[in-house]
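*Asks:* Each chain, written out:
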Amino acid sequence: TLRTPPAAQRDRPPRRRPTATTGLPPSPPLAAPSPKLDPNKFQIYFPGFATDDRCGWWIRHGLGISWLMGGARLMDVRDVNEKFSLWTAKITQFASILLWKFMHFLVTVWYLMWNLVHMLESFLVFHGWLKEYKSLDVSKLRYLAIVIESEEARQISDVVELLQWLAAIGVKHVCLYDMEGVLKESKEEILAKCNARPWKGAETAKAIVGPTLILEFASVSDGKQGVEKAANLLFAQYQGGDQDKPKFTEALLDEALRLVGCSGPEPDLLLIYGPMRCHLGFPAWRIRYTEMVHMGCLKSKKHGSLIKAIYRFTTVRQNYGT
Amino acid sequence: GIRVHFVGDLNLLDESVRLAAERATAATSQNSRAVLSICMAYTSTNEIMNAVKQACEEKYYECKRLGSCGTKNGLIDYAANVERKDNFISLSDIERQMYMRVAPPPGILVRTSGESRLSNFLLWQSGSSLLYSPSVLWPEIGLCHLVWSILNFQRNHSYF
Numbered sequence: 001t002l003r004t005p006p007a008a009q010r011d012r013p014p015r016r017r018p019t020a021t022t023g024l025p026p027s028p029p030l031a032a033p034s035p036k037l038d039p040n041k042f043q044i045y046f047p048g049f050a051t052d053d054r055c056g057w058w059i060r061h062g063l064g065i066s067w068l069m070g071g072a073r074l075m076d077v078r079d080v081n082e083k084f085s086l087w088t089a090k091i092t093q094f095a096s097i098l099l100w101k102f103m104h105f106l107v108t109v110w111y112l113m114w115n116l117v118h119m120l121e122s123f124l125v126f127h128g129w130l131k132e133y134k135s136l137d138v139s140k141l142r143y144l145a146i147v148i149e150s151e152e153a154r155q156i157s158d159v160v161e162l163l164q165w166l167a168a169i170g171v172k173h174v175c176l177y178d179m180e181g182v183l184k185e186s187k188e189e190i191l192a193k194c195n196a197r198p199w200k201g202a203e204t205a206k207a208i209v210g211p212t213l214i215l216e217f218a219s220v221s222d223g224k225q226g227v228e229k230a231a232n233l234l235f236a237q238y239q240g241g242d243q244d245k246p247k248f249t250e251a252l253l254d255e256a257l258r259l260v261g262c263s264g265p266e267p268d269l270l271l272i273y274g275p276m277r278c279h280l281g282f283p284a285w286r287i288r289y290t291e292m293v294h295m296g297c298l299k300s301k302k303h304g305s306l307i308k309a310i311y312r313f314t315t316v317r318q319n320y321g322t
Numbered sequence: 001g002i003r004v005h006f007v008g009d010l011n012l013l014d015e016s017v018r019l020a021a022e023r024a025t026a027a028t029s030q031n032s033r034a035v036l037s038i039c040m041a042y043t044s045t046n047e048i049m050n051a052v053k054q055a056c057e058e059k060y061y062e063c064k065r066l067g068s069c070g071t072k073n074g075l076i077d078y079a080a081n082v083e084r085k086d087n088f089i090s091l092s093d094i095e096r097q098m099y100m101r102v103a104p105p106p107g108i109l110v111r112t113s114g115e116s117r118l119s120n121f122l123l124w125q126s127g128s129s130l131l132y133s134p135s136v137l138w139p140e141i142g143l144c145h146l147v148w149s150i151l152n153f154q155r156n157h158s159y160f
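First to last, the sequence lines map onto chains A and B.
Heads up: the first sequence is residues 1 to 322, going by my numbering.
Heads up: the second sequence is residues 1 to 160, going by my numbering.
Isolated chain B, as found in the complex:
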């Protein structure tokens, strides 16, 4: 079966839609044949902002917990060494809070209708992705477009 993830700020959705999405996610959690991620109430800038917010909160409560254990002058000083003194939050802390942490960065990003912009979609994750913009509209996209995009992807990678 296919495992389904719903990605985005689901709190913005209507209650019935959000519950249906959670039920679908739970029902397909054991499937392993393929993974389908559906982005709803999603923009990339909101994803980055939310990830920074969650990372800050996580690090704040971690420091508070360490401080309450009486290790404020021990572990925190050890963790915040000279090199990381200004970097309590690392890049991995931010990426761990991203909505799209459930999937790896895409190899090919397809935008139909011939438009060549990303429109605030997967800006963080598409740094090394092939951007493919066929002029065909979404319902008419077919196997030949997929094969062409894969052939273009393979041209930039070494095989055999």
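Same shape as in the complex, but just chain A:
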């Protein structure tokens, strides 16, 4: 069996025999080449210190230890770049958020100033100090719709006050809409407090006479879901008549919506009480050419703003195609 030579003997370079050609002892091994430096890494190389130089070994390691004790250490350039990029991204994100907040602060300040001016104008309009709003002709406004956000619609007293203002102005026919049907649930209470009567569904404009305010209540179920009901009604007719299938026209769909109880006249003006100018799903079939005006929140409603919105509607001119 072979015996493993001791460690000291294994590390010793092998003895070289004289070459056969010259008879001279072999030349000493070349000095160890300088280590190749990796350009991707930041490495410290001490030239002149050979690995087999005991003095150099002590100097090199002594310097290294002193460097560690000084707090510096060997780092890769790649790690430094990654950390720099991370800090830059965080600073950029923070600066962007700060700029976004500042822009919205300016917008809020602008709206505060606009609300103050609007409040002053409403005061002047209500008290008749602006001549142009004195003569208000509401005959052009045959049908008015009011969209209220469902949370604000729970304040029935505000809704009743608004309807009383409209009745005082001379508006006869009003549709109240909110998405969740809160106003439908409070229908009886609103009708009683306003001394109004409900809309009967098949009334024409000529039938709406007299001082009594006529109210209609709508919700999202009268919009898209109403079209769904009308579609099923038409499908029943489509499925039943093998020989004579209905020809689909807008008039036919309008009739189907009337039969399922989701139809009504098209409002001339739509007043939106809520945080955003959005019709919140008011029945799409009925607002083709309806003027939409955003009035702000219901709790901050103003009588003068109402008069101004109706006056501006009377000055609108709509062009229809031939």
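It cannot be assumed that every hint is accurate.
[What the hints assert, rightly or not] Simulated DEER-style distance windows between Cβ atoms: (1) B:A20 <-> A:V138: 48 to 58 Å; (2) A:S96 <-> B:Y61: 51 to 61 Å; (3) B:I2 <-> A:W100: 26 to 36 Å; (4) A:S150 <-> B:G142: 29 to 39 Å; (5) B:Y61 <-> A:F94: 53 to 63 Å; (6) A:K131 <-> B:P105: 39 to 49 Å; (7) B:L91 <-> A:R258: 15 to 25 Å; (8) A:G261 <-> B:S90: 18 to 28 Å; (9) A:N115 <-> B:F121: 28 to 38 Å; (10) B:L12 <-> A:L259: 27 to 37 Å; (11) B:G142 <-> A:T314: 27 to 37 Å.
Think of the hints as simulated: they come from the structure by calculation, not from any bench.
Since this is a predicted model, take the numbers as computed values, not measurements.
Even glycine gets a Cβ: it sits at the ideal position worked out from N, Cα and C.
Guided by the hints, dock chain B onto chain A, whose structure is given.
*Replies:* Below, chain B without anything else, positioned relative to chain A:
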């Protein structure tokens, strides 16, 4: 590139215009950077009526196919359960046939020239959209109007 859709009753258009629109749609079908929908021969009420018509026809042929397979007393009765007995057509069936099914509901709807009505445009899809009506006319609308509309949109949504 930009993907282009032509939305509306394209059968009302002249033959050359309709073919050009179809070629443009086919040529840009693989683009994914942005989507541009151009409404031509379009009104919202016509879109709703057409969607109801297509939904009725689709459901009619589906029922006829099921009936011809001999499953009339099986699948149809199973599908038309007590709750849906009167609702063969659902809201999703109608919305699937809309011209504007190629795009999601808009977040902001801009109407220039200061007019505050929609004029029979995207009535079905704009239920939760911010309606923005700058007084500026169309050729003069610029970046500042767009930024202002986006700032107003952001005021009604929570971020951070």
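*Asks:* Please test the hint of 51 to 61 Å on the beta carbon pair from S96 of chain A and Y61 of chain B.
*Replies:* Holds, at about 54 Å.
*Asks:* Does the beta carbon distance between L91 of chain B and R258 of chain A stay inside 15 to 25 Å, or does it fall outside?
*Replies:* holds, 20 Å
*Asks:* If I claimed the Cβ atoms of L12 of chain B and L259 of chain A lie 27 to 37 Å apart, would that claim hold in this structure?
*Replies:* holds, 29 Å
*Asks:* Cβ-Cβ distance between Y61 of chain B and F94 of chain A: within 53 to 63 Å?
*Replies:* holds, 59 Å
*Asks:* 27 to 37 Å was suggested as the range; check whether the CB atoms of G142 of chain B and T314 of chain A agree with it.
*Replies:* holds, 32 Å
*Asks:* Would you say the C-beta atoms of N115 of chain A and F121 of chain B sit inside 28 to 38 Å of each other?
*Replies:* holds, 30 Å
*Asks:* Kindly confirm whether 26 to 36 Å is satisfied by the beta carbon distance between I2 of chain B and W100 of chain A.
*Replies:* holds, 28 Å
*Asks:* Starting from the range 29 to 39 Å, see whether the pair S150 of chain A and G142 of chain B falls in it by beta-carbon distance.
*Replies:* Cβ of S150 of chain A to Cβ of G142 of chain B: about 36 Å, so the range 29 to 39 Å holds.
*Asks:* So the hint says 18 to 28 Å: do the beta-carbon atoms of G261 of chain A and S90 of chain B match that?
*Replies:* For G261 of chain A and S90 of chain B the Cβ distance comes to about 19 Å; the hint holds.
*Asks:* Do the beta carbons of A20 of chain B and V138 of chain A sit within 48 to 58 Å of each other?
*Replies:* With a Cβ separation near 49 Å, A20 of chain B and V138 of chain A satisfy 48 to 58 Å, so the hint holds.
*Asks:* CB of K131 of chain A to CB of P105 of chain B, is that within 39 to 49 Å?
*Replies:* Between K131 of chain A and P105 of chain B, where Cβ atoms are some 44 Å apart, the hint holds.
In this structure, none of the earlier numbered hints is contradicted; all agree with it.
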